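**Student:** Top to bottom, those sequences are chains S and X.
All the letters of the first sequence, read from the start, carry residue numbers 1 to 257 under our numbering.
All the letters of the second sequence, read from the start, carry residue numbers 1 to 256 under our numbering.
Hints may contain errors.
[Stated by the list, open to error] Pulled a few chain X residues facing chain S out of the computed Cβ check, cut under 7 Å:
| no. | residue |
| --- | --- |
| 1 | P74 |
| 2 | P87 |
| 3 | F138 |
| 4 | K158 |
Hints are computed from structural coordinates only; laboratory data are not their basis.
All values derive from a computational prediction rather than experimental measurement.
Even for Gly, the Cβ is constructed at its ideal location relative to N, Cα and C.
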Amino acid sequence: MLGALPILLLAVLYIVMAASRHAANPADKILPLPGSMAQSMAALIFQPDQLTGQLLFWADTLASLQRLGIGLGISTVMAIVVGLALGALPPVRAALGPLVTGIAVVPPIALLPILFIALGLGETAKVALIVVGIAPVMIRDIAAHVAALPREQIIKAQTLGASSWQVIIRVALPQAMPRLLQAMRLSLGPAWVFLISSEAIASDVGLGYRIFLVRRYLSMDVILPYVAWIAILAIVMDVTLNFLSQRLFPWAHGESH
Amino acid sequence: MSTLLSLRDVWVEYGDRIVIEKLDLDIAAGSFVSIIGPSGAGKSSVLRLILGQEAPTRGTILLDGTPLAPECGPDRGVVFQRYSVFPHLSALRNTILGMECEQAPLTGRLFGAARRAAKDEAATMLTAVGLGDSMHLFPAQMSGGMQQRLAIAQALVKRPRILLLDEPFGALDPGIRADMHTLIRSLWRDYSLTIIMVTHDIREAFTLGTRVLALDKRRHDPHAPHRFGATAIYDLPMRDRTENSLENHTVLPLTE
Chain S
1 MLGALPILLL
11 AVLYIVMAAS
21 RHAANPADKI
31 LPLPGSMAQS
41 MAALIFQPDQ
51 LTGQLLFWAD
61 TLASLQRLGI
71 GLGISTVMAI
81 VVGLALGALP
91 PVRAALGPLV
101 TGIAVVPPIA
111 LLPILFIALG
121 LGETAKVALI
131 VVGIAPVMIR
141 DIAAHVAALP
151 REQIIKAQTL
161 GASSWQVIIR
171 VALPQAMPRL
181 LQAMRLSLGP
191 AWVFLISSEA
201 IASDVGLGYR
211 IFLVRRYLSM
221 DVILPYVAWI
231 AILAIVMDVT
241 LNFLSQRLFP
251 WAHGESH
Chain X
1 MSTLLSLRDV
11 WVEYGDRIVI
21 EKLDLDIAAG
31 SFVSIIGPSG
41 AGKSSVLRLI
51 LGQEAPTRGT
61 ILLDGTPLAP
71 ECGPDRGVVF
81 QRYSVFPHLS
91 ALRNTILGME
101 CEQAPLTGRL
111 FGAARRAAKD
121 EAATMLTAVG
131 LGDSMHLFPA
141 QMSGGMQQRL
151 AIAQALVKRP
161 RILLLDEPFG
171 ALDPGIRADM
181 HTLIRSLWRD
191 YSLTIIMVTH
201 DIREAFTLGT
211 RVLALDKRRH
221 DPHAPHRFGA
231 TAIYDLPMRD
241 RTENSLENHT
251 VLPLTE
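Using the sequences and the hints given, assemble the complete structure.
**Tutor:** Right, here's the structure in full:
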């Protein structure tokens, strides 16, 4: 619980600063007090929007999580399939390695205009940005992990009668799985960056869209709770992935004798 | 005893570097061959040749009279100094992996009655190496000695024609090493194994082996040290060890 102390301290500091600004100017918008944040958020959470009839907060959350989930899901499948092939099969590594490296070193945001032009402004381009942004890194991580498996293990599997296919599915794949969950955890940060960027540029719903929309009205009372909500979502995902990894792959978490 | 494995005029060369030269060797079924020699004398190369991990540059290797394909197969089991067991599988599942790969080419997994049969066989083998109580532990939960016992069980369950040991006890402390010596001797006797063991420990080589091979370079050119390879410089048959000679090594107390 020691970790809660700095967070609490920060919150207190914020309230003190906000209160002092409001003492000077009761209409201050830069550092809103918790009361006004709660009021604005209640409107977004509980009252249907007059234009669309949706509960905006939940519609934003759902849209963003959907984009993030599809993007992360596609990247994860690509990472395990391509990563395993790259790591375990030298001919595949020779053929595809440079391409993956090439894509990985391009800043994904620089590709965003290409994606918008090629795929339109809809959901596809946003998901594609997340995939282009995180899949190459995940693929390279899994490939490196698989390629670094001790040679002795592979030889041992072969002396037990395993074919190349069996080595991949019984030796390489299971040992890549915990690494895959770690790669997902590490990719969540960049995935959020790409999600918020694409939503900020062209969208009509989403957490990032809302933040950039209300920025025009200096609505810190919406922006700050939204940022906090994104942080909570990210933490929940991280903790869930870590829990899954510990639960499914106890052998990978140093449970020693 | 009949010849199980023979190497005929075997050379191993990497570019212009000669590692093994003119190695002729006949290994009888049921023998326990220790291979010793200084570092870089090609001990591991010989093991890799027999394992099929690499092919000789010249010469032939015959197993049961047929030339050996340069690939690892289930007729030659191996135990390395480290990394011989799979960290993601429990001891039992490590041991049944060999049977699963043979019987289920596509999935590499067994189900139902076949799985139960494999488990029973694996459990018998684990008990034979002294891991009867640790079948559900992961390798990370085991000591180094237990992991090597597991690696041996894993190899033996495939009933290999030859068991290759690459410094199998090199990373163990002396007490555990002595236990492992007793274990490998009794397994060798009980399962009529043919064992080839590479070791740095000369004492271990002589106490365990029925035959000790010393590899080294016969000739040395100081201007081109890489141009001469190693071969078997000593081939020492030990006295017959079919009896419990380990026990006989104890010093008899003096009687007045």
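**Student:** Taking 7 Å as the limit, does the beta-carbon of K158(X) come near enough to a beta-carbon in chain S?
**Tutor:** holds, 6 Å
**Student:** Checking hints one by one. Is P87(X) an interface residue toward chain S, by the C-beta closer than 7 Å rule?
**Tutor:** holds, 6 Å
**Student:** Regarding the hint that F138(X) lies at the interface with chain S, is the smallest CB-CB distance below 7 Å?
**Tutor:** holds, 4 Å
**Student:** Let me know if the C-beta of P74(X) comes in closer than 7 Å to any C-beta of chain S, holds or violated.
**Tutor:** This hint holds: P74(X) lies near chain S, its Cβ roughly 4 Å from the closest one there, short of 7 Å.
When the structure is compared with the earlier hints, no violation turns up for any of them.
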